[in-house]
Structures are given as structure tokens and as C-alpha cells.
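Chains V and E are the protein sequences, given in the same order. Counted from 1, the first sequence has number 62 at position 62 by the UniProt record's numbering; the numbering is strictly sequential. Counted from 1, the second sequence has number 76 at position 76 by the UniProt record's numbering; the numbering is strictly sequential.
The set of hints was computed from the structure by calculation and includes no laboratory data. Treat each hint with caution, since some may be false.
Stated by the list, open to error - Label pairs and their calculated CB-CB ranges:
1) E:Gly429 with V:Ala295: 17 to 23 Å
2) V:Trp323 with E:Met240: 19 to 25 Å
3) V:Asn135 with E:Arg61: 25 to 31 Å
4) E:Gln101 with V:Ala295: 21 to 27 Å
5) E:Glu430 with V:Pro308: 55 to 61 Å
6) V:Asp456 with E:Pro444: 17 to 23 Å
7) V:Asp456 with E:Arg61: 51 to 57 Å
8) V:Asp296 with E:Glu12: 36 to 42 Å
9) V:Glu430 with E:Arg95: 22 to 28 Å
10) V:Ile97 with E:Arg398: 48 to 54 Å
11) E:Pro444 with V:Glu348: 39 to 45 Å
12) V:Ala313 with E:Thr316: 38 to 44 Å
13) E:Arg398 with V:Ile418: 33 to 39 Å
As the list claims (entries may be wrong) - Facing chain V, from chain E, some residues (calculated, C-beta under 7 Å):
14) Thr144
15) Thr178
16) Arg181
17) Gly186
18) Ala287
19) Gly291
20) Ile293
21) His319
22) Gly415
Said to hold, decoys possible - From chain E, some residues computed to sit far from chain V (all C-beta separations above 12 Å):
23) Glu50
24) Ala60
25) Gly72
26) Asn135
27) Ala146
28) Thr199
29) Gln239
30) His277
31) Glu285
32) Pro342
33) Asp356
34) Gly390
35) Gly436
All C-beta atoms, glycine included, are put in the ideal place defined by N, C-alpha and C.
Number of protein chains: 2
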Amino acid sequence: MTVDTAWPELSELLGDRITRSKSELEAHGGSESYFPLTPPDLVAFPETTEEVAGLMRICARHGVPVVGWGAGTSLEGQAQAFQGGLCVDFARMNRIIEVAQGDMDARVQPGLTREALNDELRATGLFFPVDPGANASIGGMASTRASGTTAVRYGTMRDNVLGLEVVLADGRIIRTGTRARKSSAGYDLTGLFVGAEGTLGLITELTLRLHGQPEAITAAVCAFDTIGGAVRAVTDAIQMGIPMARIEFVDAATVAVFNSYADAGLDEVPHLMIEFHGSPGSVAEDAAVFGDIVADHAGRGFQWATDPEDRKALWTLRHHAYWAILASRPGARAVVTDICVPISRLAEAVEATQADLEAHGIAGPILGHVGDGNFHAILMFDPADAAELGRVKAAADRLVSRALDMGGTATGEHGIGIGKKGFMQREHGEAWSVMGALKRALDPENILNPGKLAPDAN
Amino acid sequence: MTVDTAWPELSELLGDRITRSKSELEAHGGSESYFPLTPPDLVAFPETTEEVAGLMRICARHGVPVVGWGAGTSLEGQAQAFQGGLCVDFARMNRIIEVAQGDMDARVQPGLTREALNDELRATGLFFPVDPGANASIGGMASTRASGTTAVRYGTMRDNVLGLEVVLADGRIIRTGTRARKSSAGYDLTGLFVGAEGTLGLITELTLRLHGQPEAITAAVCAFDTIGGAVRAVTDAIQMGIPMARIEFVDAATVAVFNSYADAGLDEVPHLMIEFHGSPGSVAEDAAVFGDIVADHAGRGFQWATDPEDRKALWTLRHHAYWAILASRPGARAVVTDICVPISRLAEAVEATQADLEAHGIAGPILGHVGDGNFHAILMFDPADAAELGRVKAAADRLVSRALDMGGTATGEHGIGIGKKGFMQREHGEAWSVMGALKRALDPENILNPGKLAPDAN
Ligand SMILES: Cc1cc2nc3c(=O)[nH]c(=O)nc-3n(C[C@H](O)[C@H](O)[C@H](O)COP(=O)(O)OP(=O)(O)OC[C@H]3O[C@@H](n4cnc5c(N)ncnc54)[C@H](O)[C@@H]3O)c2cc1C
Ligand SMILES: Cc1cc2nc3c(=O)[nH]c(=O)nc-3n(C[C@H](O)[C@H](O)[C@H](O)COP(=O)(O)OP(=O)(O)OC[C@H]3O[C@@H](n4cnc5c(N)ncnc54)[C@H](O)[C@@H]3O)c2cc1C
Numbered sequence: 001m002t003v004d005t006a007w008p009e010l011s012e013l014l015g016d017r018i019t020r021s022k023s024e025l026e027a028h029g030g031s032e033s034y035f036p037l038t039p040p041d042l043v044a045f046p047e048t049t050e051e052v053a054g055l056m057r058i059c060a061r062h063g064v065p066v067v068g069w070g071a072g073t074s075l076e077g078q079a080q081a082f083q084g085g086l087c088v089d090f091a092r093m094n095r096i097i098e099v100a101q102g103d104m105d106a107r108v109q110p111g112l113t114r115e116a117l118n119d120e121l122r123a124t125g126l127f128f129p130v131d132p133g134a135n136a137s138i139g140g141m142a143s144t145r146a147s148g149t150t151a152v153r154y155g156t157m158r159d160n161v162l163g164l165e166v167v168l169a170d171g172r173i174i175r176t177g178t179r180a181r182k183s184s185a186g187y188d189l190t191g192l193f194v195g196a197e198g199t200l201g202l203i204t205e206l207t208l209r210l211h212g213q214p215e216a217i218t219a220a221v222c223a224f225d226t227i228g229g230a231v232r233a234v235t236d237a238i239q240m241g242i243p244m245a246r247i248e249f250v251d252a253a254t255v256a257v258f259n260s261y262a263d264a265g266l267d268e269v270p271h272l273m274i275e276f277h278g279s280p281g282s283v284a285e286d287a288a289v290f291g292d293i294v295a296d297h298a299g300r301g302f303q304w305a306t307d308p309e310d311r312k313a314l315w316t317l318r319h320h321a322y323w324a325i326l327a328s329r330p331g332a333r334a335v336v337t338d339i340c341v342p343i344s345r346l347a348e349a350v351e352a353t354q355a356d357l358e359a360h361g362i363a364g365p366i367l368g369h370v371g372d373g374n375f376h377a378i379l380m381f382d383p384a385d386a387a388e389l390g391r392v393k394a395a396a397d398r399l400v401s402r403a404l405d406m407g408g409t410a411t412g413e414h415g416i417g418i419g420k421k422g423f424m425q426r427e428h429g430e431a432w433s434v435m436g437a438l439k440r441a442l443d444p445e446n447i448l449n450p451g452k453l454a455p456d457a458n
Numbered sequence: 001m002t003v004d005t006a007w008p009e010l011s012e013l014l015g016d017r018i019t020r021s022k023s024e025l026e027a028h029g030g031s032e033s034y035f036p037l038t039p040p041d042l043v044a045f046p047e048t049t050e051e052v053a054g055l056m057r058i059c060a061r062h063g064v065p066v067v068g069w070g071a072g073t074s075l076e077g078q079a080q081a082f083q084g085g086l087c088v089d090f091a092r093m094n095r096i097i098e099v100a101q102g103d104m105d106a107r108v109q110p111g112l113t114r115e116a117l118n119d120e121l122r123a124t125g126l127f128f129p130v131d132p133g134a135n136a137s138i139g140g141m142a143s144t145r146a147s148g149t150t151a152v153r154y155g156t157m158r159d160n161v162l163g164l165e166v167v168l169a170d171g172r173i174i175r176t177g178t179r180a181r182k183s184s185a186g187y188d189l190t191g192l193f194v195g196a197e198g199t200l201g202l203i204t205e206l207t208l209r210l211h212g213q214p215e216a217i218t219a220a221v222c223a224f225d226t227i228g229g230a231v232r233a234v235t236d237a238i239q240m241g242i243p244m245a246r247i248e249f250v251d252a253a254t255v256a257v258f259n260s261y262a263d264a265g266l267d268e269v270p271h272l273m274i275e276f277h278g279s280p281g282s283v284a285e286d287a288a289v290f291g292d293i294v295a296d297h298a299g300r301g302f303q304w305a306t307d308p309e310d311r312k313a314l315w316t317l318r319h320h321a322y323w324a325i326l327a328s329r330p331g332a333r334a335v336v337t338d339i340c341v342p343i344s345r346l347a348e349a350v351e352a353t354q355a356d357l358e359a360h361g362i363a364g365p366i367l368g369h370v371g372d373g374n375f376h377a378i379l380m381f382d383p384a385d386a387a388e389l390g391r392v393k394a395a396a397d398r399l400v401s402r403a404l405d406m407g408g409t410a411t412g413e414h415g416i417g418i419g420k421k422g423f424m425q426r427e428h429g430e431a432w433s434v435m436g437a438l439k440r441a442l443d444p445e446n447i448l449n450p451g452k453l454a455p456d457a458n
């Protein structure tokens with residue numbers, strides 16, 4: 001087998017930082033998602049770009065698939081080695097290389113987690129905004145084009161990665177982008193590797209755009225009687241150009257979970273969670289205008305969280321929503337949907353989702369980054385009940401279908417992996433074959449995360 | 001010759017909307033730049049995507065180069081058919097297809113100019129921010145990844161194109177992106193075609209992100225004794241997170257031109273031109289904080305333009321700077337440089353440029369979008385004096401060299417064409433060969449704008 005012939009060279013390169021131990025293989029074989037455990041054949045823990053390039057060259061020679069691993073929190077099976085091969089875990093490449101305060105950027109290694117980055121940045125007055133619910137790695141976040149609660153203001157990984165160092169399928173090392181804020185010097189390679197799920201190269205360094213910690217922050221929750229009212233308040237606020245830093249929707253079922261999981265003490269009706277960043281004056285002004293819009297949609301019960309502790313509690317609640325929801329049904333797992341639609345269709349999309357889930361008797365709290373038109377349903381199922389999983393997956397498929405019919409996308413932020421691959425042809429048409437051509441151009445032997453995202457090699 | 005064998009089919013397809021008339025060929029053979037007139041063999045004026053696809057298929061079969069033409073204002077020879085072939089002028093594909101107010105986006109044809117778009121949008125309360133000095137076409141702007149005075153706040157074409165319709169080298173038609181605000185569904189094809197200078201496909205439709213016309217706008221000019229003072233005021237303002245909508249630098253020579261060209265009545269010292277967008281309160285607050293920063297750098301002589309007429313006059317002055325500068329030396333032409341450096345190096349870069357030009361006796365007013373770290377020198381020369389052109393080009397090369405040494409880029413917004421191709425290897429290293437691989441993957445016969453941007457086919 002190819003892995004066996006590669007093994008002596010690989011272990012000579014990395015010594016005891018490459019392993020076939022069963023526990024490590026299993027730790028790198030699963031995910032939070034519904035896919036079965038699929039351990040890779042080997043797990044490596046490189047410490048330098050040169051080691052990653054060395055691994056790549058050996059694997060290329062022996063035809064061994066190579067799959068990157070950041071924090072393993074992706075939800076569409078992206079980091080699972082379904083075809084076996086080498087899992088490259090970036091845990092030991094987790095340093096901040098440089099913070100350039102004057103340029104408001106930072107060079108980091110891919111294994112750094114977003115929380116560790118922001119802990120380090122605290123004293124600098126800067127922060128990195130992209131915040132998926134999990135404490136993901138920066139390399140993994142770039143690879144899935146992640147976003148989170150702040151994308152409505154600060155953008156996604158697409159907007160916040162300025163440049164990359166990448167190891168290509170043949171082991172060559174390239175750099176994309178410069179330290180300049182913008183450039184018209186050729187094809188946007190940075191943008192091509194961001195969101196590529198490790199199918200075009202392994203990211204070994206990232207230059208990130210940082211943002212100034214806002215002078216003033218104010219956050220709030222407010223209640224609505226209907227989903228439509230809450231969502232329409234958001235679309236109005238967007239259209240009026242109110243600069244929301246965060247705007248999250250949670251439905252009544254999610255609020256119920258917040259109450260039982262964390263004693264949130266909220267009315268069990270749909271809520272918005274909102275935050276403004278700016279100067280004390282602008283934040284007050286934004287909050288006042290937003291208050292008027294909410295009132296227009298019969299929103300009420302504003303609870304403002306101005307001190308940092310209360311705000312932290314609010315957003316921790318939001319970031320832990322997934323686990324809180326799972327905890328509400330002991331033993332359950334979940335299929336997490338992730339559609340994104342044009343803002344004008346958002347209310348309709350959320351309402352149709354809720355109606356569909358109700359009609360099919362599926363428990364699926366709905367919540368999301370509604371400022372982008374992006375929301376999730378957490379569709380719970382009993383892992384021992386294949387029929388329930390089938391029903392849940394069918395509901396997830398209907399959700400995506402509706403999003404595509406509305407001019408939206410199958411995934412706003414979680415990505416494709418294998419879970420959403422079935423929708424690529426429908427979403428992109430002929431453009432999916434162009435993605436295949438790019439994949440073949442950069443990875444002709446199809447050894448980088450084979451089977452994910454791109455059309456299958458023929 | 002290939003063009004002759006293709007001609008009967010091409011003219012059957014487009015009738016009198018394809019021509020070999022000398023005047024049309026010459027009108028599509030030059031640019032504002034220093035490259036010699038190089039007329040294409042044919043000029044076509046398609047009206048539909050299907051016609052563009054038809055042209056492409058015929059040209060592919062006969063091996064005829066195809067070069068897109070928007071407004072022909074690009075500065076690095078991008079739209080010139082140096083290898084002959086068919087020039088596809090998009091002038092007749094210049095409609096707004098749809099403005100979706102609720103989603104704040106618009107679908108447009110590539111030949112639409114930015115001014116025509118904004119004229120149409122005025123009544124909607126929305127606008128499209130990207131504003132190169134020339135009245136360029138939206139398709140050309142996307143293809144060069146253009147920006148302008150507002151990029152510091154609203155981003156460049158990279159940030160404001162949500163999706164495309166593209167005719168590929170073999171005549172297939174694809175759509176990239178969706179109407180959703182963000183997506184993680186595969187490789188970012190939109191981003192790949194933006195900035196590709198028509199070397200990967202012809203853009204036949206664009207979905208653009210629009211922005212709300214700000215409730216309040218205020219603009220100003222202020223004077224500085226030194227270039228360093230002006231530029232450092234800008235970097236301070238950026239680092240303090242002041243949300244500037246526009247921040248432009250003009251040196252003393254440019255101001256002198258403003259005075260003679262338009263009676264601007266300004267002190268002939270370096271100036272900043274600035275604009276704030278927001279609510280009346282936030283705009284006043286931003287202006288006050290900015291005023292303090294300017295004072296810290298010995299800036300003075302603030303002239304505020306709050307009424308629309310004064311503001312318009314101010315930005316018209318800026319947008320006409322290039323022609324005003326040329327007019328200051330009758331008969332002159334210019335090499336326009338376009339480097340972009342990390343903000344922290346900007347003052348140094350501008351000062352070094354001025355010192356270099358002075359040392360070499362070259363007249364080259366300096367101005368630029370300093371909020372992005374991007375600036376231009378307009379290096380004038382007498383077109384009859386080859387030696388002067390040589391000196392000017394050598395100075396332009398030194399400028400780029402310094403930018404690359406500082407971690408910047410050879411072009412912030414004008415692009416590569418043939419003018420900057422000589423710097424691609426140095427700026428990108430091995431990554432340039434990856435651009436070559438992408439070019440070969442999407443245009444294996446090298447018929448789309450051959451010779452531009454990508455490494456030469458071997
Ligand atoms: C509770 C929960 C909440 C979540 N909330 C959000 C959310 O709000 N927004 C959001 O966007 N996502 C969310 N996610 C999904 C997940 O956190 C993101 O997809 C995240 O970006 C994955 O990062 P990771 O480090 O875990 O990557 P992994 O899962 O380790 O890997 C993801 C993909 O990137 C590849 N990869 C990893 N590192 C590299 C590298 N250095 N070079 C090349 N390829 C690499 C892998 O091969 C894989 O294809 C959530 C997940 C959970 C479990
Ligand atoms: C006075 C002056 C000031 C300027 N100021 C700025 C500035 O501030 N910022 C800035 O970014 N630029 C500036 N420019 C440069 C120029 O305006 C930009 O490069 C602009 O984007 C070019 O647009 P265009 O429509 O003229 O494109 P063209 O010159 O016609 O074409 C540009 C490139 O795009 C290709 N192309 C055109 N249409 C299509 C299509 N539909 N599909 C595929 N490819 C196509 C062409 O083949 C060519 O490679 C300035 C130029 C001048 C003369």
C-alpha cells in the first residue's frame with residue numbers, strides 16, 4: 001500500500017511527530033457532524049513550512065492523500081480523511097509571528113486558534129473579528145471561508161486575509177498577496193485558496209487584517225412576537241444603513257434552550273441580539289434609531305448590556321447555542337444547516353423553514369447571522385435511529401433547495417466538504433466544472449483532500 | 001491569415017456590428033498611456049451574451065485573439081491588441097438590468113459606465129462607490145480590479161462585485177456567485193475573474209453591491225507644510241479608526257496645477273482632501289477628531305465644503321487632476337505610476353519618490369488614495385523625446401522597486417497589462433507560475449488577451 005511505502009521516508013522526516021497510534025488516528029477521524037468515524041492512516045505534527053513541504057513531496061511521490069487539520073470543527077466532513085492518507089495537524093504551528101500595530105495586520109501560523117489570537121491582541125488595542133461559534137484554527141477558518149456574528153460589519157475570512165504562504169501539491173512553497181491593503185497585480189490567489197478546504201494547497205502562514213477595538217460598545221436583546229417581525233426589523237436596519245456590528249436572530253426554541261441551559265430569563269419568543277461599535281456618541285445614536293425600527297415591528301423588552309461582563313455573557317450564550325441545543329435532548333446529534341439568501345427573501349426563508357420543520361415533526365431550533373441573510377437550523381436526531389437521520393437530512397435538503405430557488409447559496413459559511421457536494425452542480429451549473437479545471441491545474445494527481453468540494457476526478 | 005478565415009463567420013453573426021474600418025480600428029488601438037498605437041484587426045459590438053459566446057466560439061476555432069474593450073481608459077496597455085485579433089467593444093451592452101433596492105444590489109451589463117450607473121441610481125437612495133478618475137466601464141473596472149477615492153471606506157471592485165456572468169475561452173457561458181451576501185460554496189470564481197484583465201473570460205454581466213447614499217456628508221481640504229505631516233495625519237487617523245469615506249493626498253505641484261487649471265486658490269503646499277459619510281452627528285464628531293489629528297501634524301487652513309455644489313467642485317478637481325496636470329505642460333504625455341505600500345511605510349515612500357524625482361529633474365506631481373497606502377506620480381514627458389521617456393520610465397521602475405522592497409505592490413489599482421509585467425516575477429516569485437497554470441487551465445489556446453498579465457505561454 002502506498003502509505004506503507006511512504007512511511008519510512010515520512011518518519012525519517014518527522015521522527016516521533018508522525019504517528020500511526022490508534023488513539024491519534026481516531027482523534028483525527030471524526031467531527032461534530034453526522035459522518036461516520038474515518039481515521040486517516042497517519043497523523044503528522046509539522047513545526048515548520050519546510051516540514052510541511054517535505055511531507056507533501058513524499059506523499060506526492062507515493063500518491064498518498066494529504067488532508068489538513070486545524071481544530072477539526074468543520075461541519076461538512078471537510079477534515080475527515082474519507083480516502084485515508086496523511087492527516088497534517090497544524091497544532092504545533094500555532095504562533096503569532098508578528099503583529100504590525102501601525103499597519104493593523106498580523107502574520108500568524110495556521111494552527112493558532114481565534115481565541116488565542118485575540119487573547120494575545122488584547123493589549124494592542126486591536127482585534128481579529130471573525131468568530132465562528134467553535135474555537136477554530138485560523139488556517140481552518142481561512143480554508144472554509146468562515147464567518148460569524150461580526151461579518152455584517154467586518155466581513156468574512158475572504159475580507160480579512162491579506163496574504164498567505166501555501167505549500168502546493170508538489171511541495172513548492174508560494175506566497176500570495178503583499179502587505180499592501182490592495183493590489184491589482186494579477187489573479188487573486190489569496191482569494192482562491194481562502195475557501196478551498198485544503199484541496200489546492202496547505203496554508204502554512206496567514207497575514208490577517210486587524211481592526212481597532214472600538215472605543216464604545218453597546219449590546220442588547222429584544223423580543224418579537226413573530227419571526228417575520230424580527231427579521232423585517234433587521235432588513236429595515238440594513239436598508240437604512242445602520243452600522244450594526246452584530247445582529248443575530250434566535251427563534252423561540254433557541255430562547256427556551258438559553259433559559260434552561262443558562263437561566264437567561266428571556267420571554268420564549270423570537271429575539272434579536274444586537275451590538276453597536278463606535279464612539280460613545282455614534283453608538284448611542286445608532287441604538288436610538290434601531291430602537292425606533294424595532295418599535296415599528298412591534299419589538300419590545302429591550303435589555304441593554306453596556307458593561308463588559310454582561311456583554312460577554314450575552315455572546316457566550318450565543319456562541320454556546322449549538323451545545324446548549326444538543327444538551328436539550330440528551331444523546332442527540334445534529335445536522336446543522338447553513339443557507340444564505342438575499343436579504344429581501346430572508347423573512348420568507350426563515351418562516352418557510354419553521355413551517356417545514358413543524359409539518360414534518362422535526363425539532364430544529366433556528367438561529368443565525370441574519371445581517372448577512374445567513375441562518376442555521378440545528379436539526380436533532382438520535383444517532384441510533386437511521387430513519388430519523390434520513391428525515392432530518394431530507395429536511396436539510398429541502399432547506400437548501402428553497403435557498404437556491406430564492407437566489408441564495410447552499411452554504412453561507414460552513415462550506416462544502418462532502419456534505420454539500422450534491423448541491424454544487426445545481427448551485428453553480430457549468431461553473432462547477434471550472435472549479436474542476438482549477439483543481440486539476442493545481443493538483444493534477446488529486447492528492448490534496450481528494451473527494452471534497454471539487455467534481456470527482458475522472 | 002486566421003482573421004481572414006474567421007471573418008465570413010464573424011460578419012454573418014454580427015452583420016454591420018463588426019467592422020474592419022480603419023477609423024474604428026484606430027479608435028480601439030490606443031490608450032492614454034505611452035504605448036504605441038496598435039489597432040486590432042476587427043472590432044465587434046455585440047448586444048447579447050449569446051453573441052459574445054458566438055464570437056468567442058468562432059475565434060477559438062480560428063485561433064483569433066480576443067480582447068475586451070470597455071472604455072479604453074486602462075493605463076498599462078490592457079485593452080490594446082498587441083497581437084492583433086478581435087476587439088470586443090461592450091458599448092452596446094450598457095444597460096442596467098435590474099436594481100434590487102431591498103437587497104441593495106444591481107445587475108448590470110459590462111459596458112455601462114460608472115457615471116451612467118450613478119445617474120440612474122440617484123433616485124433610489126443608493127449609489128455605487130468605486131470611482132476611478134476616468135469614466136470607466138463597469139466591466140473594465142472589474143477586469144482591472146479598479147478602485148478610487150472611496151476604497152478606504154467602501155472597498156475596491158474586489159469587494160463590490162457579488163457575481164458575474166462570464167463567457168469562457170471556448171464559448172461556454174457560466175455564472176459565478178449568487179444573490180446572497182456571502183457564500184462558502186467552493187472556489188471564489190468571482191474573485192478570480194475580477195482583476196483578470198480579460199485573460200480568463202469575457203464578463204457579460206455583473207451583480208454589484210450598492211450602498212445607501214449617506215444621510216450627511218461633509219468634505220474638506222487642509223494644508224500642511226510637509227508631505228510627511230500630511231501623510232502622518234492620515235496614518236494616525238486610520239490607526240484611530242476614524243471612518244473616512246475619502247482621504248486623498250495632493251502634493252504642492254498638484255495644488256499649483258489646481259490653481260492654474262481651476263482657480264482653486266489654495267496655498268501651494270501639500271494638502272489632504274477628506275470626506276466623511278454618516279449621520280449629521282457622527283459626521284460632526286468624525287470631523288472634530290480629525291481636526292485634532294491634523295493640528296497635531298501642524299495642518300491648517302481647513303476649508304469645509306458642506307453644500308453639494310462645493311463638494312462636487314472639490315471632487316471634480318480631484319478627478320480631473322490627471323488632465324489638469326497634462327495641461328500644465330502642453331503637448332506632454334505621462335507615465336502614471338501606481339504603487340501601494342503598507343500604511344506604516346507610506347510617508348517614507350512618498351518622500352523618497354519626491355526626492356528621487358527632484359534628483360533626476362523629472363516633473364511628476366504626486367497624488368493618491370493615501371488611505372489605502374496607494375499613490376501615483378504623473379511623470380510627464382515629451383512624446384518626441386525618446387530619451388526623456390527613457391528617464392521617466394527608469395524613475396517609474398525605481399518607484400516600483402522601492403514599493404516592493406517595502407512589502408508593497410507594483411500596482412494598487414491600475415493593473416498589469418504589459419506595462420507592469422516585468423515586475424510580476426519579482427513581486428510574486430513562484431506564485432506567478434501558479435497564475436500561469438490557471439491561465440492555461442482556463443484558456444489553453446491562449447486566445448484571451450494574449451501577452452497580458454500572465455507568464456507568456458511556452
Ligand atoms: C458549535 C459550532 C459552531 C460553529 N459556528 C460557526 C460559525 O458561526 N461560522 C462558521 O463559519 N463556522 C462555524 N462552525 C464551523 C467551523 O467552526 C468552521 O468551519 C471553522 O472554520 C473550521 O475551522 P477548523 O480549524 O476547525 O478547521 P478543520 O475542521 O480542522 O478543517 C476545515 C477544512 O480546512 C482544511 N484545513 C485546515 N487547516 C488547513 C491548512 N492549514 N491549510 C489548508 N487546509 C486546511 C481541512 O482539511 C478542512 O478541509 C461551527 C462549528 C461548530 C462545531
Ligand atoms: C485620468 C485617469 C484616471 C484614472 N484613475 C483611476 C483610479 O483612480 N483608479 C483606478 O483603478 N484606475 C484609474 N484609471 C485607470 C482606468 O480608468 C481603470 O483601469 C479602469 O478600470 C479601466 O476601465 P475601462 O472600462 O476603461 O477598461 P478598458 O481599458 O477598456 O479595459 C481594461 C481591461 O479590461 C478588459 N475588459 C474590458 N471589458 C471587459 C469585459 N467585459 N470582460 C472582460 N474583460 C474586459 C480589457 O481587455 C482590458 O484588459 C484612470 C485612468 C485615467 C485615464
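Now for the hints, and whether the structure bears them out:
no. : hint                               : in the structure
1   : E:Gly429 with V:Ala295: 17 to 23 Å : violated, 57 Å
2   : V:Trp323 with E:Met240: 19 to 25 Å : violated, 38 Å
3   : V:Asn135 with E:Arg61: 25 to 31 Å  : violated, 55 Å
4   : E:Gln101 with V:Ala295: 21 to 27 Å : holds, 23 Å
5   : E:Glu430 with V:Pro308: 55 to 61 Å : violated, 46 Å
6   : V:Asp456 with E:Pro444: 17 to 23 Å : holds, 21 Å
7   : V:Asp456 with E:Arg61: 51 to 57 Å  : violated, 30 Å
8   : V:Asp296 with E:Glu12: 36 to 42 Å  : violated, 59 Å
9   : V:Glu430 with E:Arg95: 22 to 28 Å  : holds, 24 Å
10  : V:Ile97 with E:Arg398: 48 to 54 Å  : violated, 30 Å
11  : E:Pro444 with V:Glu348: 39 to 45 Å : holds, 44 Å
12  : V:Ala313 with E:Thr316: 38 to 44 Å : violated, 52 Å
13  : E:Arg398 with V:Ile418: 33 to 39 Å : violated, 52 Å
14  : Thr144                             : holds, 6 Å
15  : Thr178                             : holds, 5 Å
16  : Arg181                             : holds, 5 Å
17  : Gly186                             : holds, 5 Å
18  : Ala287                             : violated, 12 Å
19  : Gly291                             : violated, 15 Å
20  : Ile293                             : violated, 14 Å
21  : His319                             : violated, 19 Å
22  : Gly415                             : holds, 4 Å
23  : Glu50                              : holds, 15 Å
24  : Ala60                              : holds, 15 Å
25  : Gly72                              : holds, 17 Å
26  : Asn135                             : holds, 19 Å
27  : Ala146                             : violated, 8 Å
28  : Thr199                             : violated, 9 Å
29  : Gln239                             : violated, 7 Å
30  : His277                             : violated, 9 Å
31  : Glu285                             : violated, 5 Å
32  : Pro342                             : violated, 4 Å
33  : Asp356                             : holds, 19 Å
34  : Gly390                             : holds, 24 Å
35  : Gly436                             : violated, 10 Å
Checked against the numbered hints given earlier, the structure breaks hints 1, 2, 3, 5, 7, 8, 10, 12, 13, 18, 19, 20, 21, 27, 28, 29, 30, 31, 32, 35 and satisfies all the rest.
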